[in-house]
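Participant: Sequence:
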Amino acid sequence: MKEKNNGIKEKRGRRMRMSFPFLSLRDWIEFLEEKGDLVRNRVPMGLRGDIAAVARKIALLDGPAVLHENIENYPGWRIFSDGLTARRRQLWALNVPARETAKVILDKLEKAGPVKPEVVQTGSCKEVKLFGEDVDLLQLPAAFTGGYETTPYVTAGISFIKDPETGWTNAGIRRFQVIGRNKLCNLILPFQHEGVIFHKYMQQRRPMPIAVVIGTDPLTCLLSMMPAPEQFDEMDYWGAFAGEPLQVVKCETSDLLVPATAEIVIEGEIDPEKRALEGPFPEFPGYYSGNRMCPVIDVKAITMRRDPIYQYMNMGKPPSEGHNSGALVYEIELYRQIKPLVPEIADVGVLSTWTITTAVSISKKARLRTPGLEKKLGLAVKAVKAGSMVKNVFIVDDDVDVHNINDILWSFCVKFQPAKDIQIVEGTPGIYLDPSEPWVGHGGKYSGHSSYAIYDCTEKLPPYDEGYRRGVALPPPDATERVESNWQSYGFGAFGRGDGNSG
Numbered sequence: 001m002k003e004k005n006n007g008i009k010e011k012r013g014r015r016m017r018m019s020f021p022f023l024s025l026r027d028w029i030e031f032l033e034e035k036g037d038l039v040r041n042r043v044p045m046g047l048r049g050d051i052a053a054v055a056r057k058i059a060l061l062d063g064p065a066v067l068h069e070n071i072e073n074y075p076g077w078r079i080f081s082d083g084l085t086a087r088r089r090q091l092w093a094l095n096v097p098a099r100e101t102a103k104v105i106l107d108k109l110e111k112a113g114p115v116k117p118e119v120v121q122t123g124s125c126k127e128v129k130l131f132g133e134d135v136d137l138l139q140l141p142a143a144f145t146g147g148y149e150t151t152p153y154v155t156a157g158i159s160f161i162k163d164p165e166t167g168w169t170n171a172g173i174r175r176f177q178v179i180g181r182n183k184l185c186n187l188i189l190p191f192q193h194e195g196v197i198f199h200k201y202m203q204q205r206r207p208m209p210i211a212v213v214i215g216t217d218p219l220t221c222l223l224s225m226m227p228a229p230e231q232f233d234e235m236d237y238w239g240a241f242a243g244e245p246l247q248v249v250k251c252e253t254s255d256l257l258v259p260a261t262a263e264i265v266i267e268g269e270i271d272p273e274k275r276a277l278e279g280p281f282p283e284f285p286g287y288y289s290g291n292r293m294c295p296v297i298d299v300k301a302i303t304m305r306r307d308p309i310y311q312y313m314n315m316g317k318p319p320s321e322g323h324n325s326g327a328l329v330y331e332i333e334l335y336r337q338i339k340p341l342v343p344e345i346a347d348v349g350v351l352s353t354w355t356i357t358t359a360v361s362i363s364k365k366a367r368l369r370t371p372g373l374e375k376k377l378g379l380a381v382k383a384v385k386a387g388s389m390v391k392n393v394f395i396v397d398d399d400v401d402v403h404n405i406n407d408i409l410w411s412f413c414v415k416f417q418p419a420k421d422i423q424i425v426e427g428t429p430g431i432y433l434d435p436s437e438p439w440v441g442h443g444g445k446y447s448g449h450s451s452y453a454i455y456d457c458t459e460k461l462p463p464y465d466e467g468y469r470r471g472v473a474l475p476p477p478d479a480t481e482r483v484e485s486n487w488q489s490y491g492f493g494a495f496g497r498g499d500g501n502s503g
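Per this note's numbering, the very first residue in the sequence shown carries number 1; after that it's consecutive.
It should be emphasised that the hints constitute simulated quantities derived from the structure, not laboratory data. Note that CB positions come from ideal geometry on N, CA and C, so glycine has one too. There may be inaccurate statements among the hints.
Each pair of labels, with its calculated beta carbon distance range [as the list claims (entries may be wrong)]:
#1 G493 - S451: 47 to 55 Å
#2 R42 - K274: 36 to 44 Å
#3 E165 - P340: 21 to 29 Å
#4 G372 - E34: 46 to 54 Å
#5 P44 - R88: 28 to 36 Å
#6 P435 - P164: 28 to 36 Å
In silico EDC-like cross-links for lysine to aspartate or glutamate, where the CA-CA straight-line distance does not exceed 16 Å [said to hold, decoys possible]:
#7 K339 - D107
#8 K364 - D398
#9 K183 - E273
#10 K111 - D236
#11 K364 - D399
#12 K364 - E344
#13 K391 - D434
#14 K300 - E269
#15 K375 - E459
#16 K183 - D298
#17 K200 - E165
Use the sequences and the hints to build the structure in full.
Facilitator: Written as structure tokens, this is what we have:
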């Protein structure tokens, strides 16, 4: 890409923000390196699957983030990935302790309240500006994720769009297929906020401005996955978490506002009538998508830092950075949206595949007072926006850890009876990308519909609770406490230190 001199002098010697809140991707990289949770890889890396294979291995091992510093055929470029794959790094990005639940995190958010972003005149994302013939998306080191993509995808692009009627700004992390020097293909699903807003532009028969941001601070990246309610700006959460406003800057070709410290900003617009063939892509349910006609982004400008870092996010069969980081923000938002409907909710844990299978706990004491609460909770999960993709929900008591798959499976094994503890709701909204959903002419009247299962894995209420009244079979609490306090002296060191009475 040709560099355009925009008269901005880079601020040299700027002190990195080495603690929360991190103001840029670079702050985050430096922090992770100090923590010993980042690898700088200088081995030459190709884009035809190598970057993706490393990311998959990191997710399987719960390993460190990586900064690839030697990209074949892209001299000078670096690729960062897996900054938010591990739960420990997600919690650093949010500045919350490891043991805090969705309830505690939500209490902090509600106490702080939303904080609107601060508009600044310029930012490091505008050190280089490219327009017209100088725009060339093929110069970005977009990596292939699987083996069947026809062209590469931008997998960690955060789209910023604005409701033409209300001015509401929606931010969401999405995938964009590179189909030319100045064109991206954008899968827009009708049940997502992007689809709702785009439909309004279609009705008005005018193009929708869009900005695709690559390479942001970790909090912006996390919040772009949050299923916030309609008309709520995701970036308002940034200020609530950080205690200060996110600095944003106006785009060059529209009035959209984007993070001022971003690495790369792609500006364009979507013609409501233009379509191109998109796919296949390794979807979050773990299978490749088919081909479909999707809206096209006509790119008008690219702004970026002088030495931009490209951010990649792996997707496909879980685990991946996309699945793992999305799980945390969905847990927070599911709890927030369900709480007004069922105040007795205790916690939420996403078990697999971007909430398709989720566990929710409920107060055991409340169930004793009000039998049937577990079924009410199960129905409430599907009723809220954040639960739109949930297909299976496990309802457990509040003494079960919803973040521990062994606890969930144990409850499923000994508290669930298939003949009476499952409730199936047919004809619920689907997600289009789930390959198990019925297709037109193959078991369904039309696509986009699914079904929903509630698994009641709570203890039976009196008089049917005799087997549970005998107590959970664990070592005596006093013995467990002694072992915990003496654990290191036994020679185990820090290995396995935790709550031995979990369950």
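Participant: Can you confirm whether the C-alpha distance between K200 and E165 stays at or below 16 Å?
Facilitator: holds (8 Å)
Participant: Can you confirm whether the C-alpha distance between K183 and E273 stays at or below 16 Å?
Facilitator: Holds: K183 and E273 sit about 15 Å apart, inside 16 Å.
Participant: Taken at face value, is the distance from the CA of E459 to the CA of K375 at most 16 Å?
Facilitator: Holds, at about 13 Å.
Participant: In this structure, is the beta-carbon distance linking P44 and R88 contained in 28 to 36 Å?
Facilitator: At roughly 30 Å between Cβ atoms, R88 and P44 fall inside 28 to 36 Å, so the hint holds.
Participant: K300 and E269: Cα distance at most 16 Å?
Facilitator: holds (8 Å)
Participant: Lying within 28 to 36 Å: is that true of the beta-carbon distance P435 to P164?
Facilitator: holds (34 Å)
Participant: For the range 47 to 55 Å, tell me whether the beta carbons of G493 and S451 fit it or not.
Facilitator: holds (48 Å)
Participant: Need the status of pair K391, D434: alpha-carbon distance at most 16 Å?
Facilitator: holds (10 Å)
Participant: Starting from the hint 46 to 54 Å, judge whether the C-beta atoms of G372 and E34 obey it.
Facilitator: Roughly 51 Å apart at Cβ, these two residues keep to the hinted range, so it holds.
Participant: Sort out whether D236 lies within 16 Å of K111, counting only the CA atoms.
Facilitator: holds (14 Å)
Participant: Holds or violated: K364 and D398, Cα atoms, limit 16 Å.
Facilitator: With Cα atoms ~6 Å apart, K364 and D398 stay inside 16 Å; holds.
Participant: Mind checking the alpha carbons of K364 and D399 for me, to see if they're no more than 16 Å apart?
Facilitator: holds (8 Å)
Taken one by one, the earlier hints all hold for this structure without exception.
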